[in-house]
Structure formats: C-alpha cells, structure tokens
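Q: Each chain, letter by letter, is given below.
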Amino acid sequence: MEKKIKKVDLIFGKVDHLDILKNAFQRTRDEIILDVIDSGLRGRGGAGFPTGLKWKFAKNEEADQKYVICNADEGEPGTFKDREILTQVPEKVLAGMALCGYCIGASEGYIYLRAEYNFLLPSLYKAIDEFHEHLKALKFDFTIRICSGSGAYVCGEETALMESMEGKRGEPRNKPPFPTSEGYLGKPTSVNNVETLVFALMIGQEGPTKFKEMGTFDSRGSKVFSVSGDTPTPGIYELELGMTLEQFVEEFGDGDTKAVQVGGASGFCVARKDFKSTLIGFEGIPTGGSMMLFNSSRSMYNILNDYLEFMEEESCGQCSPCRVGCQQLLKGIEAVKKGIKSPSYLEDLQKLSDTMRIASKCGLGQSVPNPFNSIINNFREEIIY
Amino acid sequence: MSKYKVNLKINNIPISVEEGTTILDAARQLNFKIPTLCHHDDLCVAGNCRVCVVEQKGARLLPASCATPVSEGMEIQTNSLKVRQARKHIVELLLSEHNADCTKCFKNGYCELQDMSNDYRIGDHVFLDLVKDKDKERDISSPSIEKDDSKCIRCQRCVRTCANMQYVSALAVTHKGNNMRISTFLDKPMNDVVCTNCGQCINRCPTAALTERNYIDEVFDAIYDPSKFVVVQTAPATRVAIGEEFGMEPGTRATGKMVAALRRLGFDKILDTDFTADLTIMEEGTELLVRLKEALVEGKEVALPMLTSCSPGWIKFQEHLYPDLLDNLSTCKSPQQMFGPLAKTYYAEKVNKNPADMVVVSIMPCTAKKFEAERPEMRGSGYKDVDYVLTTRELGRMIRQAGIDFEKLEDEKYDSILGESTGAAVIFGSTGGVMEAALRTAYELVTGREVPFANLNIKPVRGMEGVKEASVKIKDVKPEWSFLEGVELNVAIAHGLVNAKILMDKIRAGEANHHFIEIMACPSGCIGGGGQPMPTNMEIRKKRAAGIYEEDEAMVLRKSHENPEVTEIYQSFLHEPLGHRSHDLLHTHYTPRKRH
Numbered sequence: 019m020e021k022k023i024k025k026v027d028l029i030f031g032k033v034d035h036l037d038i039l040k041n042a043f044q045r046t047r048d049e050i051i052l053d054v055i056d057s058g059l060r061g062r063g064g065a066g067f068p069t070g071l072k073w074k075f076a077k078n079e080e081a082d083q084k085y086v087i088c089n090a091d092e093g094e095p096g097t098f099k100d101r102e103i104l105t106q107v108p109e110k111v112l113a114g115m116a117l118c119g120y121c122i123g124a125s126e127g128y129i130y131l132r133a134e135y136n137f138l139l140p141s142l143y144k145a146i147d148e149f150h151e152h153l154k155a156l157k158f159d160f161t162i163r164i165c166s167g168s169g170a171y172v173c174g175e176e177t178a179l180m181e182s183m184e185g186k187r188g189e190p191r192n193k194p195p196f197p198t199s200e201g202y203l204g205k206p207t208s209v210n211n212v213e214t215l216v217f218a219l220m221i222g223q224e225g226p227t228k229f230k231e232m233g234t235f236d237s238r239g240s241k242v243f244s245v246s247g248d249t250p251t252p253g254i255y256e257l258e259l260g261m262t263l264e265q266f267v268e269e270f271g272d273g274d275t276k277a278v279q280v281g282g283a284s285g286f287c288v289a290r291k292d293f294k295s296t297l298i299g300f301e302g303i304p305t306g307g308s309m310m311l312f313n314s315s316r317s318m319y320n321i322l323n324d325y326l327e328f329m330e331e332e333s334c335g336q337c338s339p340c341r342v343g344c345q346q347l348l349k350g351i352e353a354v355k356k357g358i359k360s361p362s363y364l365e366d367l368q369k370l371s372d373t374m375r376i377a378s379k380c381g382l383g384q385s386v387p388n389p390f391n392s393i394i395n396n397f398r399e400e401i402i403y
Numbered sequence: 004m005s006k007y008k009v010n011l012k013i014n015n016i017p018i019s020v021e022e023g024t025t026i027l028d029a030a031r032q033l034n035f036k037i038p039t040l041c042h043h044d045d046l047c048v049a050g051n052c053r054v055c056v057v058e059q060k061g062a063r064l065l066p067a068s069c070a071t072p073v074s075e076g077m078e079i080q081t082n083s084l085k086v087r088q089a090r091k092h093i094v095e096l097l098l099s100e101h102n103a104d105c106t107k108c109f110k111n112g113y114c115e116l117q118d119m120s121n122d123y124r125i126g127d128h129v130f131l132d133l134v135k136d137k138d139k140e141r142d143i144s145s146p147s148i149e150k151d152d153s154k155c156i157r158c159q160r161c162v163r164t165c166a167n168m169q170y171v172s173a174l175a176v177t178h179k180g181n182n183m184r185i186s187t188f189l190d191k192p193m194n195d196v197v198c199t200n201c202g203q204c205i206n207r208c209p210t211a212a213l214t215e216r217n218y219i220d221e222v223f224d225a226i227y228d229p230s231k232f233v234v235v236q237t238a239p240a241t242r243v244a245i246g247e248e249f250g251m252e253p254g255t256r257a258t259g260k261m262v263a264a265l266r267r268l269g270f271d272k273i274l275d276t277d278f279t280a281d282l283t284i285m286e287e288g289t290e291l292l293v294r295l296k297e298a299l300v301e302g303k304e305v306a307l308p309m310l311t312s313c314s315p316g317w318i319k320f321q322e323h324l325y326p327d328l329l330d331n332l333s334t335c336k337s338p339q340q341m342f343g344p345l346a347k348t349y350y351a352e353k354v355n356k357n358p359a360d361m362v363v364v365s366i367m368p369c370t371a372k373k374f375e376a377e378r379p380e381m382r383g384s385g386y387k388d389v390d391y392v393l394t395t396r397e398l399g400r401m402i403r404q405a406g407i408d409f410e411k412l413e414d415e416k417y418d419s420i421l422g423e424s425t426g427a428a429v430i431f432g433s434t435g436g437v438m439e440a441a442l443r444t445a446y447e448l449v450t451g452r453e454v455p456f457a458n459l460n461i462k463p464v465r466g467m468e469g470v471k472e473a474s475v476k477i478k479d480v481k482p483e484w485s486f487l488e489g490v491e492l493n494v495a496i497a498h499g500l501v502n503a504k505i506l507m508d509k510i511r512a513g514e515a516n517h518h519f520i521e522i523m524a525c526p527s528g529c530i531g532g533g534g535q536p537m538p539t540n541m542e543i544r545k546k547r548a549a550g551i552y553e554e555d556e557a558m559v560l561r562k563s564h565e566n567p568e569v570t571e572i573y574q575s576f577l578h579e580p581l582g583h584r585s586h587d588l589l590h591t592h593y594t595p596r597k598r599h
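Protein chains in written order, with our numbering: chain P, 19 to 403; chain S, 4 to 599.
Pulled out of the complex, with its shape left as it was, chain P reads as follows (with noise of 0.2 Å):
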C-alpha cells in the first residue's frame, strides 16, 4: 500500500450528460446493469449496498409503476459533500437518476432533499425544467420532482424516507420487504445516494474497467469525501479508495492529530496507534464521506457526548433499543464521569451496545454502538477522569 493518495475529478467534472444517455438509450437495461454490476460501484451514501444488483432486482420486478429517488437527506455529521454535487452539477445527478429509471423501467423520479438545502430549490428546479425538455427530445418518459424533508435524520434510511414522502412519520419499515420489491407508495423503488447516481452516469459512459480499476477488491473507484476538523485543509475532495487513514492524515492533517471520526457520528473513531493499519473503505471502515479530524486540544468525552445527544435525538423513538438504549449510554458515560456509577458500568454499557447493534430495527440504532465502542476502547480514560 505504497501508492500516494490520488485526486480524482470524475464528479465534479463536466460532461456532456446527454449524449452519455443517448448512447446508453441505444444499449439495454440488461447490458448496463450488468456494467454498474461489473464495476463494483457500491451505494455512497454509506451502507454500501451493490448499486448493480440494487437495479437488477428492482428491474426484476413486474409493476405498474416504479420509482427512482434520489437521497439527498445528506444529514450525516459531517457530511456535505451531496450539497456540493446538486451545486455544481445537477444536470449530472439528473442524468444519472433517468439512466436509473431507464434501466428499472422508472418513469417517475423524486429527489428527496434535506430541509436545510431547501435553499438549492430554485437551481435545481431550473435544472429540472431544462432537462426535462431535453427528455423531450430524446423521447424519454421521465418526470423528476423534488420532495423537501422536513429535518430528520432518520429520514435519511430509506424507508423512512418513504414514509416521509408518502405523508407518515419518517420512521423505518420493517424490512422485508425490501423498497426494491415494495417501497414508495408499495411499488419498486430505487433508492441512491447522489454520489451513487452520478457514479452510475459516469460508469455509463466510461464503461466499468476505468472505475474497475481505481480501488481495491471491495471498495472500487473513488468518492467524495467531506474532510472538517482540525485540518488545515477543509473541503471536498474526490479520492481514489484503497488509502490507509494514514495517508489520508499525512495529507490532511494537522501534524497533531489524534483521531479520525470515519463516516460520521454513526461511524467508528480510529485513534493514531491504528492509522496505519486502517484502510478506508469496505474492507476496513467505510465511510459515507465524513472524515472528522481531531487533534490533541480535544476532549474525547464531549465528543461522544455530542454524537450520542444527536442519536438520543434522532432516533426515530419507535423500537425500544434504539429509543432507550441511546438515553442509557447518554446518561450512562455522564454517571461515569460524575462518579454516580463505577468505570465498570462501561462495560455493562458496551453490552447494552451490543444488542443494539443487532436487535434494532434500522440503521441507527444498529450503528450507534459504532461510535461508542470506538470511542470507549480507544480513550476509555478520557471517559471516565
């Protein structure tokens, strides 16, 4: 793992994003599925799902009508780098939702954007419009709206987003099934992070070997990461995967960092003894983009503390693990560290955790225990002195 770290600018980088879907108009959905399958493009949002076989099954299923959405509920602490992709290159994003819906036989699609980017509207909207004309002209059914979020976090998993959208309280479904098979209004749906679409689009146009190529077996090409923290250098960057956390700190760094929050508040924290030997990416820790710098001058325990404030929060409150337990651990590491309850209620605590991360019913509340473990093991001093 010599390699350097690697800009890359498929993202970001002008395209004509017509003629990538006149040509893709010309091929069948099967032979691009089976390019987005072959390129090992995985879903950007974080969990990782196959984008490929995420289309495939959708294709797969016989229905009326069936459903694109775009999820821009980007709502991940830490993370902005959808907001900067729907800015600078929306027709992109567009383009890649109607090869989606082109390839699952979707003539509607939805972009599902975070309450606190309502500000993009009138750009987008003014995207929309010219590209639907341009639909026109290449006689493409596909109509895109936009549905504003309301300010959840958990509506960024994709079934509470659906919920959101159908006019219910943003909270999971019970899976299965599976939004691919029943998701929004009951009909297949697609659901893909921006990154993911544009991704597509590019993969489209390049076919999978360029993307193929970049990254390791599991985490293939490359993804926009949104680097804050105690970094000199904060932004957007689009990076080939395959990079240990130390090449990444080497580049991004303070000379004084350490520790790495991957993905967010529902990511894991990586402490400096562990750069080297951390890769970023499925085979190590995956991120949705977030990478959250800190330096020595911070304390470990307010930053727990915050995340778990945010997931005591955000949790949608409807199953009993993930409402309660976030309370718990919340309350737990504040009793440890006023003395109310011995260091080794921590481990009772990292239990508790345990069963979060597999009797909750959604990503959330399976998650929480990422940051928590990470931060425990790591500075179990910090939390408890």
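Take the hints with a grain of salt, since some may be wrong.
To be verified - Partner residues are not named here, just some residues of chain S that face chain P (Cβ under 8 Å, in silico):
no.: 1; residue: Cys-52
no.: 2; residue: Ala-70
no.: 3; residue: Ala-89
no.: 4; residue: His-92
no.: 5; residue: Ile-93
These aren't lab readings, by the way, just hints derived from the structure by calculation. Cβ atoms here follow ideal geometry from the backbone N, Cα and C, with glycine treated the same way.
Starting from the known structure of chain P, arrange chain S on it as the hints suggest.
A: Frame of chain P, contents of chain S only:
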C-alpha cells in the same frame, strides 16, 4: 388458491408452513412461545418493541419474529444465548422508562411487562431510571379512560387500535427520539379530543398506561350507606365473560353465579339490563315500522336506513364523523339508559322508594357507558338516571376484594321486577344480536308467524365478518301491515368502527339500499367491549359469542315481545311503544360534534 409451503427449522425442529407466515406464528405451531409486547393478534405488524427477536443462522442481525416472514431453509433459534441477552436487555430498557410502582398499580398482576420482567427475573435495575412523567398527573379528564404516560412503553398498540380498528386516531405518536410519546391532538386532555371512549385501547395496552376510570369505591360507599337503596343492572355480554376474571374458560355462562356474587356484595336488588334490551326491541322495532310506513305509505321524506343506537361508542363516533346523518339514528336510548329512568320512576313507585335515595349501578362490558351515563340528557327521571357504571373487570375486582369464591357460588336468579328477560335480549351482547332480536319480533308482529329460520336462529346475521348484509322477504302480512307485503327488508350489521365507516360512507353517498342497520363500536360487539376481561382476541371473542347463543337457546322465552314484564310495563305504565312516557323516558336526542 393454495400457497407455497416454506420449509425451515426452529430450534432444530423442521417445519413446513405457508408462505408469508411470520417466524412467530411458525414457532407457535411448534408450541414455542416467543415473548411479545407490541404484537397483538388483532393488530397490524409493528415490529418495534423488539422483545420477540430470534437468532437466524447466518444473519448478522436478530430479526423480529413478529415482523419477519419465514424463508426457505431458514434456521431459527428462539432462545439462544444471544437472544436471551438481547431480550433481557430490551426488557430492562423498557423497565427503565416505565414507572414500575407495581404494588400500587391498578394493573398489578395483569401487566404483560411485569410478567416478562418476572420471567426474565429482572431484579435490581442495571440501568438508570429514565422515567420522565412520574410526577406528571395522570389524565383523568375522561369519565371513561385514564391515561398515565409514566407507564407507557411506546408499543403503539393503542395507536394502531385507535386508527386501524376504530378509525378514530384519538391517540397518535408525537415527537421523536427520547421525547417520543403517545399523545392526543395538541396534547389536549382525553375528554377534549375526538375519542369515542370505546376502551379498545385499554383492552390492548400491555401496561397501565391506559385504564378505565374506576368507581369501585364509590359503589361500595353507596352499598354501605344505609340511606341508599342500591340496585344493579347487568349487561348481556357480562355474563359470558365475568368467569374469565376467575380463570374460567372464555364463554362460560356464569349468569347465576354473577347474580349470586352481586347479592353477596350487598346490592339491594339484582336486576337485568336484558329486560330493557327487550324493551328496546319494542321501541326500536316500532320506530322502524313507523319510519317504513311513513316512507312507503305516506311518501314522506324519512331518514332511512335506520341505525341502532345501543352502543355509546358508536353514537359518539357518529356525532363526530357523521353529524349529517344523525336523523338516521334511532332515538331509542341504549338499554342501560332505558333502565336508569325506569328504575327511578316505575320501579321506585313499585317498591315504594324515594328515587332521590336510589343508586343505580350498571355492570357493563363497556367503558363508553361511563361517558354515556354522564351525558346531560340522561336525566329523564329527574335525577341522574344511572349513577355508576362498572366494567366487567371492575366487578371481578369487587368480587375478589369481598373475598367471594366465585367459582363455588350456587346459581341464583335475578330479582323481579326488571329482572325478567328473553333470549332475544341476551344476544344483544354479540354482533348481529340486536338485528336478530328485532327481526324475531318485527316479523312476527307483521305476519303473525315466527321468523322463517330453524329454531329462531337467524344465522345470516351472526358471525365475525366486519360487515354483514342480509335480506328477509316479508309476505302474507296481517291486514294492518299490508304496505309491507312483498317488501324485501334489507339489513346490514357492522362491528368495529372501521367497519361502521364503510356502511356510513355508503349511506352518505346514497348507495345503501338498507332499511335497518345495526352498528356496534367494538369488534364482535359487546362481548369484545372495552370493559371486558383481558386479554382479548378473535378466538376468545368467538367463545364468548358461542356462550351468548347457548344462553339464548337455553331460555324458555326467546322473543322480546313475549317478555311478561314488558307486557306488564306497557299495560300499567308506558301504555304503548313510542307513547308519551316512552318519549320522555326511553328516547333521546343527539349532539353534532366537531372533528377536532
């Protein structure tokens, strides 16, 4: 169409079940009981308490067995170490947000969370106490339902009951995360929101977050007050359910034991709502015939179909949601509220008591009856017609408090008068019963012959289908009813308010061709009432219904108009159905209400 069979193993035992079966139901078929809290057989799947998680071979997560359908080759463990740990944690978590003052709790001994805590031997609380609403006053604004948020474990059974079974949605989920709770519209008190008081939420609440307002102490105070003459009336559906309070099988006919217990509790007279059920048939049947005559002979604009008015939950539902159709509602009071004013007028005179010193208590399968008794219009006697309404469950509690060994009691009979009844009255307790009783009487009144059904059992109006429809051809009528010759009398029956809505929407759209419709707010009718013993499910309600129909067949008299006490009261007091006195005492009016 036969479904695919799916093969799987549960605890290493192979089983083949229909596609779409949940893991929970498959395990039940093998007699493995997986604990549940948010799951209820009457309700749609929620999958949110997670107590029912199981381990699936090869899966990273523990699926919730109530919400996960079986799949081919699945291998499930229902009690692995992983499952046990998770389940214990979840019960501990629920206890940490639950005000566990069990010994002082109304549901002590009847609480599903308590049972589970006991099964898993959860002693010292490992986790921190998170109860937020401990100091918040319980909501006792409603005369029927108490709400105590400190007991709530957010399983949402009540929410699903209220929305999916009753189409009311008085209770809904509000806020998220640590603040997520079950509340009313704008957090208003229960009495100020659109609630029908049906109590179905109480029947399904696993804890004491929702309970009935109880009036046991008030009733005992009255009983032990020597200046009071306390009479009690018992609703039809109570007699086939009260036994469950003492461990007897659902549907056990315990009429005689119940009467004996009430006498031992010290009530001065034990009377029967069944008497006024018979009376209701006379009044309501006549009202229907009058409406039909006005429509068919006089060509008047008459509100048809006529709707029954025995179920106070249903009345309030209609007042809120279909105020435009209130004219269709029979003006008859419910049997409970016919009993009250008669007790304090006719009966008081017969037994030479001052009605001011009388206390009328009802034993009802119902919580909405508590609200009904408080309605301002229910003072036909000049006094509050019915003073206290107790549920079947509250009666069970009184009997236990008094140390009466219910099962060993010898059967006793109701006092007379206002104690005589027919089989037609007892079937009021089950869905379709009022209709059947009405048909038995009306058909005979009009034709002089018994209804053309074997042994008087009008099977088409029985059963647990949500909406039932039937037609009876009327022919060879008596001369005075010639306008009904050849008429096909169309009737319909709905139970559960979500089913009532189906019929009401049809009426509103002008698509209903019915003449008479029976509606009961609760699923399966009064036997499934909000005041009945817990638990409840379709199997239990079917057994209670069977008990009701057995009781009917065991009666000598099975037609309301044959009740000799009914004949007597018309001769000496009421004179005729819909007469002047009936109008004053037995009929009422309704109040349009808003939807918010």
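Q: So, for every hint listed, does it hold in this structure?
A: Evaluated hints:
Hint on Cys-52/S holds. Least Cβ distance to chain P is approximately 5 Å, under the 8 Å limit. Checking Ala-70/S against chain P: minimum C-beta separation of about 4 Å stays under 8 Å; hint holds. Proximity of Ala-89/S to chain P holds as hinted, the smallest CB-CB distance being about 5 Å (cut-off 8 Å). Look at His-92/S: its Cβ gets to within about 4 Å of chain P, closer than 8 Å, so that hint holds up.
The restraint placing Ile-93/S at the interface with chain P holds, with a minimum CB-CB distance near 6 Å, inside the 8 Å limit.
Every hint, counting from the list given before, is met by this structure.
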